[in-house]
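**Q** Sequence:
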Amino acid sequence: MTAQPLPSNEAVAEQLDLLGDLLEIEGEQSFRIAAYRRAAIRVRETATSIAQLALDGRAKELAGIGKTIEEKIVQIVDTGEIEALTKRKAEIPPDVVRFTRLPGLGPKTARKFWKELGITTVEGLRAAAEGEQLRTLSGVGPKLEQAIIKALDAAGDEGPREETRPLLGDGLPAALAAVDELLAFPGTVRVSEAGSLRRRRETFKDIDLIATSSDPAGLIAHFASLPWVLDVIAQGETKATVVSREGFKFDLRVVQPECFGNLLQHFTGSKEHNVQLREEAQRRGLSISEYGITTEATGEITTHEDESGVYAFLGYDWIPPELREGAGELGAARLDASGSSGLPDLVAPGSLRGELHCHSTWSDGRASLEEMAAAAIARGYEYMAICDHSQRLRDGRLEQQAAEVAALNERLAPFRVLRGVEVNIRADGSLDLTDEELGGLDWVVASLHSSFARSPTERVLAAMASPHVDCIGHLTTRLINKRPPAPIDVEQVVAGAAATGTFLEINGQPDRLDLKDVHARLAGEAGVGIVCNSDAHTTTTLHYADLALSVARRAWLTAPQVVNTLPWAQLQARLKR
DNA sequence: GCCGTTTTCGGCCCGACTGTTTTCAGTCG
Numbered sequence: 050m051t052a053q054p055l056p057s058n059e060a061v062a063e064q065l066d067l068l069g070d071l072l073e074i075e076g077e078q079s080f081r082i083a084a085y086r087r088a089a090i091r092v093r094e095t096a097t098s099i100a101q102l103a104l105d106g107r108a109k110e111l112a113g114i115g116k117t118i119e120e121k122i123v124q125i126v127d128t129g130e131i132e133a134l135t136k137r138k139a140e141i142p143p144d145v146v147r148f149t150r151l152p153g154l155g156p157k158t159a160r161k162f163w164k165e166l167g168i169t170t171v172e173g174l175r176a177a178a179e180g181e182q183l184r185t186l187s188g189v190g191p192k193l194e195q196a197i198i199k200a201l202d203a204a205g206d207e208g209p210r211e212e213t214r215p216l217l218g219d220g221l222p223a224a225l226a227a228v229d230e231l232l233a234f235p236g237t238v239r240v241s242e243a244g245s246l247r248r249r250r251e252t253f254k255d256i257d258l259i260a261t262s263s264d265p266a267g268l269i270a271h272f273a274s275l276p277w278v279l280d281v282i283a284q285g286e287t288k289a290t291v292v293s294r295e296g297f298k299f300d301l302r303v304v305q306p307e308c309f310g311n312l313l314q315h316f317t318g319s320k321e322h323n324v325q326l327r328e329e330a331q332r333r334g335l336s337i338s339e340y341g342i343t344t345e346a347t348g349e350i351t352t353h354e355d356e357s358g359v360y361a362f363l364g365y366d367w368i369p370p371e372l373r374e375g376a377g378e379l380g381a382a383r384l385d386a387s388g389s390s391g392l393p394d395l396v397a398p399g400s401l402r403g404e405l406h407c408h409s410t411w412s413d414g415r416a417s418l419e420e421m422a423a424a425a426i427a428r429g430y431e432y433m434a435i436c437d438h439s440q441r442l443r444d445g446r447l448e449q450q451a452a453e454v455a456a457l458n459e460r461l462a463p464f465r466v467l468r469g470v471e472v473n474i475r476a477d478g479s480l481d482l483t484d485e486e487l488g489g490l491d492w493v494v495a496s497l498h499s500s501f502a503r504s505p506t507e508r509v510l511a512a513m514a515s516p517h518v519d520c521i522g523h524l525t526t527r528l529i530n531k532r533p534p535a536p537i538d539v540e541q542v543v544a545g546a547a548a549t550g551t552f553l554e555i556n557g558q559p560d561r562l563d564l565k566d567v568h569a570r571l572a573g574e575a576g577v578g579i580v581c582n583s584d585a586h587t588t589t590t591l592h593y594a595d596l597a598l599s600v601a602r603r604a605w606l607t608a609p610q611v612v613n614t615l616p617w618a619q620l621q622a623r624l625k626r
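Mapping of the first sequence onto my numbering: residues 50 to 626, in sequence order.
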């Protein structure tokens, strides 16, 4: 008999989250619910198969997962679903969970609507709101009825659903431009982006900005009247919320300079990082809020202008925002007697020396080889591998491109254009160029582009076995918000990459970011060299490599682990051939 | 449900806002 594929970490996390939602509607104790949600976060942050860990009895080793949840994960492997979840799904109408997706409507209220008014569908909820039935309950008034009708109108036929989170690569330029605009306003002292965008998470909900100013009211007014502001949702003395033309929600808070560090730390998150930080401080008699740190014995409140001061006061090294996910960074950042910590020296922004995956008009790129090279030089790069798609380089075109590369190198030295290719991994695992063709190139990236469900792991392993393949491109082929990752066993691929000396790419296309952070961390820990690439198809998108680099930082990687921080001669010496 | 340098029980981060109330529960980040 063939073994069933194990459930993905995402599938396990979704069951844990849903169980948490249902328990919450049941009115279960809040800490128990929080435990399921915390476990779901931990499962998503784990690179290896949580199902396999649970089967081995080792899931308990992860923070936030104990005996009970480990058993529930084994139930998913055995029967497809957590028993407690099956039972509760039979009791609680599915739409009641969807009620809680409406703004201002939480589990307590959803339960009341169901239990006391017998409302079990979204349509029923709308009818009750319109018929002014909801206000018969204590704690519910006309405002909530109006809000529900409005939200249901906005949600359309599908009813309430999870919002699609915009991409980091789309929001980050807007956020950084806004920071510069605020800094240029008279009286502004400091501005920083905060929230998940500052942590460079792959997607975000809204764009948080924190500022100090000698003229807070003036800065808020200026912000609300910037030309790209489409709508002002809220505007007060110290805080404003606006929507940009691109549809991004911006939150600006103007704070007192003496606690800028406390607020920036608080609003950078993540929630899990802050909870861990506060729990640990609590054990030592310190209470942390966004306004300062209270020493409970004396009632004394300490504030800090800088984030580093906040962490230092608590006995930690300053933690780069990209690491603040509650994934072991606090333990690593703890300062020892000599004042040093175990945090990695993260690969620095701007430290890439070359691009190792971009396209030109030789395949589906928009710019000529020469234009791409000029753009790479303008970015300060020393080299650039042109990696057009192999399908378009057959019938002697590879040789023609070689002639153009040679001519360019004559003119552009010491800048170096490397002869590369993005070779397609076929459905049978073979490469669609011959060994002879590949052997003549400086740099070969191999990628999956089709038939994602057909033995993708085996095909990638076969490609890595080729002595000519230097790197695997966008491993899982996911497109964020559009296409799920191929069912690839990343642990096996990482082991194969380590064994064969093949590098793995972090592809910086905003909707790819593939490898994702936890997978890149796994690869780094296995000693696999990582390449940060833009996969640019135009001269204006080479900076996507910076997004790839931010993923590398979220993966705890240092410069020596990111091989295109090396000069080409040194990188060449690390190739397997 | 998880967890432990106050440890196997009894805790579990902190504050703002809103709508509904006359002191607060629920929701949100």
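Worth flagging that the hints you see were computed from the coordinates, not collected in a lab.
Since we're looking at a predicted model, the values are computed, not measured.
Check before you lean on any hint, since a few could be wrong.
As the list claims (entries may be wrong) - Using 27 Å as the maximum straight-line C-alpha spacing, the simulated BS3-like pairs for lysine-lysine come out as follows:
(1) K254 - K288
(2) K288 - K192
(3) K164 - K116
(4) K199 - K109
(5) K157 - K109
(6) K254 - K625
Unchecked claim - Here are the in silico distance ranges between beta carbons for each label pair:
(7) L232 - Q101: 24 to 32 Å
(8) A233 - A514: 53 to 61 Å
(9) G155 - G205: 19 to 27 Å
(10) K138 - A514: 44 to 52 Å
(11) A270 - T135: 30 to 38 Å
(12) R294 - I426: 30 to 38 Å
Backbone N, C-alpha and C fix where the C-beta goes; we use that ideal spot for every residue, glycine too.
**Q** For every hint, state whether the structure bears it out.
**A** To see whether the hints hold, each was checked on the structure:
{"no.": "1", "hint": "K254 - K288", "verdict": "18 Å, holds"}
{"no.": "2", "hint": "K288 - K192", "verdict": "24 Å, holds"}
{"no.": "3", "hint": "K164 - K116", "verdict": "33 Å, violated"}
{"no.": "4", "hint": "K199 - K109", "verdict": "44 Å, violated"}
{"no.": "5", "hint": "K157 - K109", "verdict": "31 Å, violated"}
{"no.": "6", "hint": "K254 - K625", "verdict": "42 Å, violated"}
{"no.": "7", "hint": "L232 - Q101: 24 to 32 Å", "verdict": "49 Å, violated"}
{"no.": "8", "hint": "A233 - A514: 53 to 61 Å", "verdict": "55 Å, holds"}
{"no.": "9", "hint": "G155 - G205: 19 to 27 Å", "verdict": "22 Å, holds"}
{"no.": "10", "hint": "K138 - A514: 44 to 52 Å", "verdict": "45 Å, holds"}
{"no.": "11", "hint": "A270 - T135: 30 to 38 Å", "verdict": "55 Å, violated"}
{"no.": "12", "hint": "R294 - I426: 30 to 38 Å", "verdict": "33 Å, holds"}
When each numbered hint is compared with the structure, violations occur for hints 3, 4, 5, 6, 7, 11.
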